[in-house]
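Engineer: Sequence:
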Amino acid sequence: MFIRNAVLEDAYKLADVERRCFPEAEAATIDELEDRLKFYANHFWLMFDGDRLIAFVDGMVTNERDLADEMYENAALHDESGDWQMIFGVNTIPEYRRKGYAGELILRAVSDAKEQGRKGVVLTCKDKLVHYYAKFGFVSEGISKSSHGNAVWYQMRLTF
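Each residue of the sequence shown is one higher than the one before, counting from 19 in the working numbering.
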């Protein structure tokens, strides 16, 4: 297994993984992924088994404290000098789940954000995953203002 940042040519592989991990209303489209890659490919952490993409974590950087729905749709909101690393998705294809790969990617994203001088990392998750992210030091801030994909999300924050 190895981890690297993304390049624009990864868009179709990323879209395939998104489709396998999220319901259609929540999964990023190929166009959204290509747009994100143009603005912040270095904020995608991809894990490969050989040349097979098995998992990835991604998200923009911003000075906004809270993750908002417009961030998913407008990659131009990315601010490389921002205080907060947002995480939009933690994706692992089903046959590679429960092996610690997502955790490795989360730790890598957190480490990079800390090294880059960010204030911390923010993500949203469904209620059943609050305890999972708490293992990494994320603290629940309750129900998020995000309703991405018409779902209920909990905002989690890891402050450095």
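It cannot be assumed that every hint is accurate.
[Said to hold, decoys possible] In silico DSS-like links for lysine-lysine, alpha-carbon gap of 25 Å or less:
#1 Lys137 <-> Lys117
#2 Lys132 <-> Lys153
#3 Lys163 <-> Lys153
#4 Lys163 <-> Lys117
#5 Lys31 <-> Lys117
#6 Lys163 <-> Lys146
#7 Lys31 <-> Lys56
#8 Lys117 <-> Lys144
#9 Lys163 <-> Lys144
#10 Lys137 <-> Lys163
#11 Lys117 <-> Lys153
[Claimed, not checked] Simulated restraints on C-beta separations:
#12 Asp49 <-> Gly160: 20 to 26 Å
#13 Tyr150 <-> Arg38: 16 to 22 Å
#14 Thr47 <-> Pro112: 18 to 24 Å
#15 Ser165 <-> Tyr114: 16 to 22 Å
#16 Ala152 <-> Val25: 14 to 20 Å
#17 Arg116 <-> Lys56: 20 to 26 Å
The hints are simulated quantities; they were obtained by calculation from the structure and are not laboratory data.
Positions of the beta carbon are idealized from the N, C-alpha and C atoms, including for glycine.
Engineer: Can the suggested window of 20 to 26 Å be confirmed for the beta-carbon pair Arg116 and Lys56?
Structural biologist: violated, 33 Å
Engineer: So the hint says 16 to 22 Å: do the beta-carbon atoms of Tyr150 and Arg38 match that?
Structural biologist: Cβ of Tyr150 to Cβ of Arg38: about 19 Å, so the range 16 to 22 Å holds.
Engineer: Hint check: Lys117 vs Lys144, CA-CA at most 25 Å. Holds or violated?
Structural biologist: holds, 20 Å
Engineer: Take a quick look at whether Lys163 and Lys117 sit within 25 Å of each other, Cα to Cα.
Structural biologist: violated, 31 Å
Engineer: Is it true that Ala152 and Val25 lie within 14 to 20 Å of each other by Cβ?
Structural biologist: Since the Cβ atoms of Ala152 and Val25 sit about 33 Å apart, the hinted range of 14 to 20 Å is violated.
Engineer: Using the C-beta atoms of Ser165 and Tyr114, is the stated range 16 to 22 Å upheld?
Structural biologist: violated, 29 Å
Engineer: When you check the alpha-carbon spacing of Lys117 and Lys153, does it fall within 25 Å?
Structural biologist: holds, 15 Å
Engineer: Does Lys163 sit within 25 Å of Lys137, going by the straight-line distance between their CA atoms?
Structural biologist: holds, 21 Å
Engineer: Between Thr47 and Pro112, is the Cβ distance one that fits in 18 to 24 Å?
Structural biologist: holds, 21 Å
Engineer: Straight-line Cα separation of Lys132 and Lys153 no greater than 25 Å?
Structural biologist: holds, 18 Å
Engineer: So if I understand the rule, the pair passes when the alpha-carbon distance is 25 Å or less; does Lys163 with Lys144 pass?
Structural biologist: It holds: about 13 Å lies between the C-alpha atoms, which stays within 25 Å.
Engineer: Hey, Lys31 versus Lys117, does the alpha-carbon distance stay inside 25 Å?
Structural biologist: Roughly 21 Å between the alpha carbons, so the hint for Lys31 and Lys117 holds.
In summary, the numbered hints that this structure violates are 1, 4, 12, 15, 16 and 17.
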